[in-house]
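Residue numbers (numbering that gives the first Met the number 0), protein chains in the order written: chain A, 0 to 565; chain B, 0 to 249.
These are calculated hints, taken from the structure and not from any lab test.
There's no promise every hint is true.
[Said to hold, decoys possible] Now the stretches of chain B that chain A is said to cover, found in silico as 3 or more residues with beta-carbon under 8 Å: (1) 40-46; (2) 139-152; (3) 159-170; (4) 206-215; (5) 222-231.
[As the list claims (entries may be wrong)] Residues from chain A shown here face chain B by an in silico Cβ test under 7 Å; the list is partial: (6) THR74; (7) ALA120; (8) ASN323; (9) LEU327.
Glycine included, each C-beta is placed from N, C-alpha and C at the ideal position.
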Amino acid sequence: MPSHGRFSNVPMDDVALTFAEMKALVRGLVRFPTVFKSALRVKFAPELFNGENEQGLYLFLIVYGTLYERYTNVTKDMFLSEIESMVQANTLAMGPVEADFLFGESENADGFIDFAFSAPARELDAQEQRAEKMYVENILRRFLNARLLKPQLKQLVSHSNDNTSPVDFQRLLDQFNKQAQDIKFVGNEAVNAAHMPDYGDTDKLILPPQFTPTTIGWIDNYIGGFRAGDMLGLLGPYAGGKTTMLTTIAIRLAQQYAANSHQKLAVYICYEDGAQKLNYTFYSAAAHIERAAFINKTPAEVWAGLSTRDNLKPYERRIPVNANAEILLCERDRWTAVQSWYNTNFVFLDFSANPDTGGRGNGGVHEIVATLENLIAQTGMEIGLVCIDYASLLLNREMAKNPNTKYQEQIWRQLQQLPDELKTLVAIPFKCTVVLAHQLAGSDIKNIPAYRHVSHFDAQGSKSFAENLHACMCLNKPDTEYHVSTINWSKIRFGRPATPYGLVQIDEDVVDVRQVDGEYYVNDLAKRIMRRDDTAPTAHNNVVVGPNESTRRRVMPNVDTFSDML
Amino acid sequence: MKPQGVGAKKRSDASYLAHDWYKSLSDKQLAAYIRYLFIYFREGAGDWDSEAHTERRPHWDGGKDRFGTNYKSIWEKIAKLIKASDANPGLWVAAHFSDAFYSVRQSESKSLTANQPALLCSSMSLAVYKEYERTFDEQTNRQYTLAEASVATRYTITEAFNLPEDDHVLLVLCDTSHVNATPFFRHAFATYLDCPRAIKKFLWPAAVEYETRQALYDAFIEKNQTLDWIASPELKKEIVEIRKHWSRYA
């Protein structure tokens, strides 16, 4: 049996068609009339079965085609009656070899007619039927290329001498090109994907995937949670907290999968740094241990340094887990409690192209797909979330390895296509959510103050980065006073929140991101982010009168007050 | 001078739970009620004898500031507009601290500023109020779903700590990072899970949240009978106390 596809170095179309495939093709054409109809449109004809031992298939298609033209649907009984009458009327010449092939060598043996009209051994579900149809379409494409297009091209080339070319060479080439395109899309019948089912039909009613709350306020309060198959973007400036946000998302989702006994994985793929530089961030996010506990320490020092209930560290009194101020959990408690779900539901894929991992991280989206497939096979779990940190490094590495794109400086087109590629190759097939981090353009972001909201139009490399995203959250740089950043869900393809704006506080010490709209607000007049109880400049309709009554002046813009109308 | 309350008809506690309880407030009481709520929502100061509430703010309360400038009280103007609009004053203030406020402001291309009393009697105030009323059920439903999901997740995950049940619930409900819930829902879950310390901890903020939006919460509960536990008798008792305070305010 020849090896095909991704398991072979030989491209699929270079493998010669076998007789078994020819039989499968003819049987497939009987089973899928739309494929047969589509094949007829690109000049498929029984005469193309002109190889050795193919006479039987040729005769079968002559009879089948005649009946199909007249009645559109062909049954086995119709076929048997028609072939009998055609043979009797001498319109079909059939030798003993072909008769044995079609009807079987003996009365008890099945012939090709039985095989072609036989139903599958068991009822196939929609997915299996789709796979079988794709298999037939693929053989049909190879068959048409080999038997229809190639001989015509050969004929065209062989008819002209070395120093001549056919008249209207370009037109002929265009014609072949058109035919090649038609063959490429053979079987692609138009299907109305928005069929309205009968009332009460629960099988055919196609609904959008349901939102699963992430338990993260700055996501759920805007988009309601994550949906399978969604492709989300996270834009932020350099060193603005994108990795912290992605880490928080991945860890929180892993925790949620564990809590709800979902056999799912939250996968974090980083192209920037490897395990050595990131693991302590994940530990910090999961166990709420300050990152300083891992920095410049030997493993023995780390274990010895973790706090117990008797010697809590000062920071532990302010972390959200201990906000109750009564039951204070220590670092050792927290480490032990998270270890089980962390190791089961969270996976970090080191794609930083370092030698320890065999240089992983140069293969673009296809490398991600292959690795995720292996991950599923290894763990027996589904993929729930894939966080990718970050887009331009993924593309640049892949382009640098490819001779055609090695010296290409602009990545705007690839960047624009990347979300679509990730959606079609990862999010939809794996039924997971993909979150892709990307940088904001340095030149734009440096002119946008921290209290402003940024949007996906400020993305680095391509203004159209968010074109193929279901939703995109944009993070500005943190303000210097409170380390609070503005967020803007600048693109949401589903629904619309009351406001796309919010504030988050990114904790880099104990990795966490909290929504803090209740504590801080953006003050456009003061041009900064302020605490709610800060003294703020006021803007009201009163005219401030200075100590000298003669210097009446308006010091602040007027507010559209309604009070004068009362 | 007659002492406060002397000669007044004794009012039943149940009457304070009526949705139109504020109609019996005098202009001064209504203005004080609005002032308290505004400062509570803006600055998070809960105690009504805290400095945030007791300090005089001439820009808002009227009088002379340190430059000698005279101001009129803004609270009475707000109260006047609320009465003219036949609106609920608690809901009016709450609406101006909700997403509806930003939604309306953004649709009218207004910039984001510190929320100040003048914005509670602006030309868009009625629109903010109506928008808040319109979207309340949807928002509350979403808030409940998110609160339930986050409490359940955190509760399961923290079982690994093997804490006594009461400690366990307190730990979960006080978590400000993993649990995505307003004080009202934190209190509701505390009652549901019978954790006295958490009930006490969230009682006041939950009571203010419920008191201001009582009419809409009650209508929401009416439509979702299975959620009748979210407004506990203890919470209702607390709002009676709050309203008694304002009815006796002099």
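So, against the hints stated earlier in the document, which numbers end up violated here? 4, 5, 6, 7, 9
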